[in-house]
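**Student:** Kindly generate the complete structure, drawing on both the sequences and the hints.
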Amino acid sequence: MQAIVDCNSFYCACERLFQPQLQHAPVVVLSNNDGCIVSRSDEAKQLGINMAIPYFQAKDLIEKNKVHAFSSNYHLYGDLSWRVMETMRQLAPPGCVEVYSVDEAFINLDHIASDQLQDYCVSLKKKIETWTGISVSIGVGPNKVLSKVANRLAKKSKLLTGCVVILNDTKKIQAALQSTPIDDVWGIGYSYSEKLKTYGIHTAYALSIKDLSWGKRFLGGVPGMKLIRELKGMHSHDMQTPRTSKKMIATTRMFGRTVSEWQEIEEALATYATRTAEKLRRQHSAAYGVSVFLLKKAPPQTDISHYHHGRQVSGYVKLDNPSNLTPDIIKAVVALGKSLFEQGELYKKAGVILSDFVPDNALQTNLFVAPKDQNRKKLMNVIDNMNAAFRDDILKFATSGTQKNWKMRSERRSKRYTTRWDELCLVR
Amino acid sequence: MSFIDTDPNEGMATQQINKKFQSGQIIQANATGFGAASDDFMERGIDLNEQLIRNKPATFFFRVNSDAMLGAGIHVGDILIVDRSLTPSSGKVVVAVLNGEFLVRRLQIQEHSISLVPENKRYGTIQVAQLEQYSTWGVVSFVIHSL
Numbered sequence: 466m467q468a469i470v471d472c473n474s475f476y477c478a479c480e481r482l483f484q485p486q487l488q489h490a491p492v493v494v495l496s497n498n499d500g501c502i503v504s505r506s507d508e509a510k511q512l513g514i515n516m517a518i519p520y521f522q523a524k525d526l527i528e529k530n531k532v533h534a535f536s537s538n539y540h541l542y543g544d545l546s547w548r549v550m551e552t553m554r555q556l557a558p559p560g561c562v563e564v565y566s567v568d569e570a571f572i573n574l575d576h577i578a579s580d581q582l583q584d585y586c587v588s589l590k591k592k593i594e595t596w597t598g599i600s601v602s603i604g605v606g607p608n609k610v611l612s613k614v615a616n617r618l619a620k621k622s623k624l625l626t627g628c629v630v631i632l633n634d635t636k637k638i639q640a641a642l643q644s645t646p647i648d649d650v651w652g653i654g655y656s657y658s659e660k661l662k663t664y665g666i667h668t669a670y671a672l673s674i675k676d677l678s679w680g681k682r683f684l685g686g687v688p689g690m691k692l693i694r695e696l697k698g699m700h701s702h703d704m705q706t707p708r709t710s711k712k713m714i715a716t717t718r719m720f721g722r723t724v725s726e727w728q729e730i731e732e733a734l735a736t737y738a739t740r741t742a743e744k745l746r747r748q749h750s751a752a753y754g755v756s757v758f759l760l761k762k763a764p765p766q767t768d769i770s771h772y773h774h775g776r777q778v779s780g781y782v783k784l785d786n787p788s789n790l791t792p793d794i795i796k797a798v799v800a801l802g803k804s805l806f807e808q809g810e811l812y813k814k815a816g817v818i819l820s821d822f823v824p825d826n827a828l829q830t831n832l833f834v835a836p837k838d839q840n841r842k843k844l845m846n847v848i849d850n851m852n853a854a855f856r857d858d859i860l861k862f863a864t865s866g867t868q869k870n871w872k873m874r875s876e877r878r879s880k881r882y883t884t885r886w887d888e889l890c891l892v893r
Numbered sequence: 129m130s131f132i133d134t135d136p137n138e139g140m141a142t143q144q145i146n147k148k149f150q151s152g153q154i155i156q157a158n159a160t161g162f163g164a165a166s167d168d169f170m171e172r173g174i175d176l177n178e179q180l181i182r183n184k185p186a187t188f189f190f191r192v193n194s195d196a197m198l199g200a201g202i203h204v205g206d207i208l209i210v211d212r213s214l215t216p217s218s219g220k221v222v223v224a225v226l227n228g229e230f231l232v233r234r235l236q237i238q239e240h241s242i243s244l245v246p247e248n249k250r251y252g253t254i255q256v257a258q259l260e261q262y263s264t265w266g267v268v269s270f271v272i273h274s275l
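Quick note, the sequences are listed as chains V and A, same order.
Count along the first sequence from 1, then add 465; that gives the number in my numbering.
Count along the second sequence from 1, then add 128; that gives the number in my numbering.
Treat each hint with caution, since some may be false.
[To be verified] These stretches of chain A come out as covered by chain V in the derived footprint (C-beta under 8 angstroms, 3 or more residues): (1) 181-195; (2) 208-218; (3) 229-238.
[What the hints assert, rightly or not] Some, not all, of what chain V presents toward chain A, calculated at C-beta under 10 angstroms: (4) Leu487; (5) Arg548; (6) Met550; (7) Glu551; (8) Thr597; (9) Thr883; (10) Asp887; (11) Cys890; (12) Val892.
[Claimed, not checked] Only pairs whose alpha carbons sit at most 30 angstroms apart, straight line, appear in this in silico BS3-like list of lysine-lysine: (13) Lys184/A / Lys620/V; (14) Lys184/A / Lys880/V; (15) Lys843/V / Lys184/A.
These are computed hints drawn from the structure, not numbers from a lab.
No residue lacks a Cβ here, since even glycine has one placed at the ideal position from N, Cα and C.
**Tutor:** Shown next, in the form of structure tokens:
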């Protein structure tokens, strides 16, 4: 079974931990530059303050109801996130915790007997709350999609469920799917949910009884098929091999618009290389193989009706020494990209693929690794940790572009209670 | 019923060493011929974290802003090391939250009541009334005091 542990109103909970007078008060946290509302306490939700709306839209409601609004304090959230994740890593068997976002992690529970899942999760939840002060909801199901369904139900009626919902038989799964609107299924975005509604599919249950082939045809190919598989309660592919590392890691994106300048493509490739190298380090592998592809925009005169893709160009290079260090990967990727790039062409998508992995620990004990590399590894470690703590990739390699270097507004930021000696919480 | 090992200290020492090794804090032994004899006696040096932080994800710091616990050696300006994974039992010095305010006091748990006892005659014992909002935030494990 698979669990997802999700912190309840995480950013608000972080603020409340050091400002206990706000325990039952409505609290919201604003995004970078105080632009949008990104976290709401239950009390704020009940006032009708919506998620992700611009601050100015909710300003009247916030002032009228004396809602406490905070600027994002990523130092505090990053530190508390690490604490929550570390608590889980200490309590679960090695390799079972997969951090999914700043406030969510999947835990593989295959080692727990079905009739003990409830007690295990209640105990885990209690321990996380005791150690870190952050309350969590836990959803458990046969796979990740259903664990997400369970978690949503746990959060929805906290008192009734005690924030723990276990879907461990078909009856429970069916009932849970019936009460889950299609919009709330993990992985179904706005456009797909609208599309599914035109087919009369309004609940997760309605989607779960569709054939796999239907998903393949109408729901974005293989991912759609996989989604329906998981809704049916089948183990997904990566569930069957939960702890083996991936054999190939890729980061590919459509550009927001067509791109023709090498400098923009170089920045995109460097960003993807950084992402991919991060993923590689997370699974403690190093790669020999580096591939890059660029997808050109289809010329307007082509008459391949439902196929708007242009020609794809790709290249592969084998590194002399396997690496997972961002500078190495960027260097190889940019060189490959440059050899593929043609001036005057329009590009709409690019991707970086790493393959031919060896375990990273084999590298670390290698006699022939120069001390310089050890230092570079340490540097990567520092960068990964800082980026994890501060989000938004605060530390980047210069190739990735520095244009997004705006000044952050944070007028209502609380103190950095857990990361600065001079900002510790006072006690009387 | 608890399925999770409740002793936070168990295995911590080895875990910490492993972590340090992975993070490269321990200089790796390069098996390259004969090192200086003193290398054999190289140690990491004393790390205060090992002594003061038993369970890192559960350990927090506070700054003392009152002399209510003077008798326990807790002065204004001192730093409290607070371990949330320790069980708050009677007699422990704790950081408590009473009606939204952080207090450091000695916890006294009797059959039907909780009180917060100061160690300074100028302060009175606080009996926590039933209707008050009370919680024990964490147990104080060490004080850092500058002389």
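**Student:** For every hint, state whether the structure bears it out.
**Tutor:** To see whether the hints hold, each was checked on the structure:
1. 181-195: holds (count 11)
2. 208-218: holds (count 3)
3. 229-238: The restraint on the region 229-238 of chain A holds, since 4 of its residues have a Cβ under 8 angstroms from chain V and three suffice.
4. Leu487: 8 angstroms, holds
5. Arg548: 4 angstroms, holds
6. Met550: Holds. Min distance 8 angstroms.
7. Glu551: 4 angstroms, holds
8. Thr597: 6 angstroms, holds
9. Thr883: 6 angstroms, holds
10. Asp887: 9 angstroms, holds
11. Cys890: 5 angstroms, holds
12. Val892: 4 angstroms, holds
13. Lys184/A / Lys620/V: 28 angstroms, holds
14. Lys184/A / Lys880/V: With Cα atoms ~20 angstroms apart, Lys184/A and Lys880/V stay inside 30 angstroms; holds.
15. Lys843/V / Lys184/A: Satisfied, since the Cα-Cα distance of roughly 21 angstroms is no more than 30 angstroms.
Figure legend: structure checked against the earlier numbered hints; every hint is met.
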